[in-house]
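K.L.:
As a plain string of letters, each chain reads:
Protein chains: 2
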Amino acid sequence: MKTVRCSILGFGAIGQGVAEVLLMKKEYLESMGLEVLVVAIVDSKGATVNSEGVDLADCLARKRTKGTVAVEKLTGVDVIKSVDHELVIETTPTNIVTGGAGLQNMFAAFETGKDVITSNKGPLTLKYRELTEAAKAAGSNFRFEATVGGSMPIINLANEVLAGNRLRSIKGILNGTCNYILTRMLEERASYKDILAESMELGIAETDPTYDVDGIDTACKLVILANAIFGLDVTYKDVEVTGITKITPEALEMAYE
Amino acid sequence: MKTVRCSILGFGAIGQGVAEVLLMKKEYLESMGLEVLVVAIVDSKGATVNSEGVDLADCLARKRTKGTVAVEKLTGVDVIKSVDHELVIETTPTNIVTGGAGLQNMFAAFETGKDVITSNKGPLTLKYRELTEAAKAAGSNFRFEATVGGSMPIINLANEVLAGNRLRSIKGILNGTCNYILTRMLEERASYKDILAESMELGIAETDPTYDVDGIDTACKLVILANAIFGLDVTYKDVEVTGITKITPEALEMAYE
Numbered sequence: 032m033k034t035v036r037c038s039i040l041g042f043g044a045i046g047q048g049v050a051e052v053l054l055m056k057k058e059y060l061e062s063m064g065l066e067v068l069v070v071a072i073v074d075s076k077g078a079t080v081n082s083e084g085v086d087l088a089d090c091l092a093r094k095r096t097k098g099t100v101a102v103e104k105l106t107g108v109d110v111i112k113s114v115d116h117e118l119v120i121e122t123t124p125t126n127i128v129t130g131g132a133g134l135q136n137m138f139a140a141f142e143t144g145k146d147v148i149t150s151n152k153g154p155l156t157l158k159y160r161e162l163t164e165a166a167k168a169a170g171s172n173f174r175f176e177a178t179v180g181g182s183m184p185i186i187n188l189a190n191e192v193l194a195g196n197r198l199r200s201i202k203g204i205l206n207g208t209c210n211y212i213l214t215r216m217l218e219e220r221a222s223y224k225d226i227l228a229e230s231m232e233l234g235i236a237e238t239d240p241t242y243d244v245d246g247i248d249t250a251c252k253l254v255i256l257a258n259a260i261f262g263l264d265v266t267y268k269d270v271e272v273t274g275i276t277k278i279t280p281e282a283l284e285m286a287y288e
Numbered sequence: 032m033k034t035v036r037c038s039i040l041g042f043g044a045i046g047q048g049v050a051e052v053l054l055m056k057k058e059y060l061e062s063m064g065l066e067v068l069v070v071a072i073v074d075s076k077g078a079t080v081n082s083e084g085v086d087l088a089d090c091l092a093r094k095r096t097k098g099t100v101a102v103e104k105l106t107g108v109d110v111i112k113s114v115d116h117e118l119v120i121e122t123t124p125t126n127i128v129t130g131g132a133g134l135q136n137m138f139a140a141f142e143t144g145k146d147v148i149t150s151n152k153g154p155l156t157l158k159y160r161e162l163t164e165a166a167k168a169a170g171s172n173f174r175f176e177a178t179v180g181g182s183m184p185i186i187n188l189a190n191e192v193l194a195g196n197r198l199r200s201i202k203g204i205l206n207g208t209c210n211y212i213l214t215r216m217l218e219e220r221a222s223y224k225d226i227l228a229e230s231m232e233l234g235i236a237e238t239d240p241t242y243d244v245d246g247i248d249t250a251c252k253l254v255i256l257a258n259a260i261f262g263l264d265v266t267y268k269d270v271e272v273t274g275i276t277k278i279t280p281e282a283l284e285m286a287y288e
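Just so you know, the sequences run in chain order A and B. First residue of the first sequence: 32, per our numbering; consecutive thereafter. First residue of the second sequence: 32, per our numbering; consecutive thereafter.
Since the hints were made in silico from the structure, they are not lab data. Mixed in with the good hints there might be a few duds.
Identical copies look the same in the list; a pair holds intra-copy or inter-copy alike.
[What the hints assert, rightly or not] Distance condition first, Cα-Cα at most 30 angstroms in a straight line; then the derived DSS-like pairs of lysine-lysine:
1. Lys202 x Lys57
2. Lys167 x Lys33
3. Lys97 x Lys56
Pulled out of the complex, with its shape left as it was, chain A reads as follows (with noise of 0.2 angstroms):
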């Protein structure tokens, strides 16, 4: 059995995400002869650690009844450099104008040597060379897929499975919840306004929705495949952005025709 030890840094939907995921597919993982150990987690309060693994269901229901799971006032760094591990699921939120504490605890990961998996399109968006390069130089594998299209594997299957092929343009819907309200501005021609208050009713559209409607998160994602499937070396400030919100039912239909 090969084990590997872990940190989740960030716990809010995509950390907790993890953990439930680890925990339901512990004995599967087991069968393919791969023990995952969290050894740490960190979200805004601080941290939870134990070199022997860390109780996840325990700490899901610490998270869910009293917000937090911190019991040391440890920051993600911290632990990178102090927790025996060696690998960094970095999961914190977005932040495409410093890169946030994922920016940090990516670069202090792969200083100690650590391998990286992360969902956090921010540190990407703005350091993708700097990155991969100190990934490199640090021999430390660095995995993003979960950074655009999380459920449907785009740069591995560029990467990996499409070697040797050339791959000319992509195209796609790189965003959700544009494509939701764009599709039922064109079937119900109503306007922007009311599909949005439906969609954050319904869950849709988060509760703050300018990432999305803006065009921000498909930016982000653009810049880490123009990145990571054609070698360009492009940050947010390289795409033109332009996002929904003053699109008409009337635009959109004759866009459609």
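Dock chain B against the given chain A, drawing on the hints supplied.
P.N.:
Chain B in isolation, oriented as in the chain A frame:
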């Protein structure tokens, strides 16, 4: 530069396509540190062999003008046993009753420790388990992505990129000819016979469309997917097969509603 010496067995549309792609991508592959040297090509009349690498452009021209590349009376198995190479590219025609030359070629390749890449569904539909076990025992790579969904990788996507996920089922349009005919029958309320005739004129259906319209091709693909992705041990006989030849436009319309 790593050199891979290979044979192309079968030199119909697919074998010739492989030769064309190798010519087209020569520089690209070399830029990735890979030289692919074709040391033998075999068609139904015999073989052309050159341990320094055959001239692919010349072979393609000879095939088109003379109908064969044969200059020596050698079969695929002869070439596998007598010519020094590491990789067999097996593109002989599918035979689902006996497995055809392809089945013998594959077993001979594994017996001599060679890797196999194939587009030939027949052997995999009849002897999947035996073939994969022979490959494993020989320490050979056995790749058959081209047997199902040629340019849209599904087997490696499922087994490699989605490793760790549990796939529950596979749904899809497995045969382009059937899909084309049924779509046009529905759209034009036309009979199977008329659309089939047109499809053959357009070159969309094969001159002998039996494998496609009788569901044989689809059943073969299902067998390969079931074995490769779900780890089953099934053969063609395990599939209940119904073709599209008796479907009326009315039945199609009812199914669509």
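K.L.:
So, for every hint listed, does it hold in this structure?
P.N.:
Status of each hint after checking the structure:
For a Cα distance limit of 30 angstroms, the shortest separation of Lys202 from Lys57 across copies, 28 angstroms, qualifies, whereas the shortest one inside one copy, 36 angstroms, does not. Taking the shortest Cα distances, Lys167 and Lys33 sit within 30 angstroms of each other both inside one copy (23 angstroms) and across copies (23 angstroms). For a Cα distance limit of 30 angstroms, the shortest separation of Lys97 from Lys56 inside one copy, 26 angstroms, qualifies, whereas the shortest one across copies, 59 angstroms, does not.
Consistency with the previously given hints is maintained throughout, with no hint failing.
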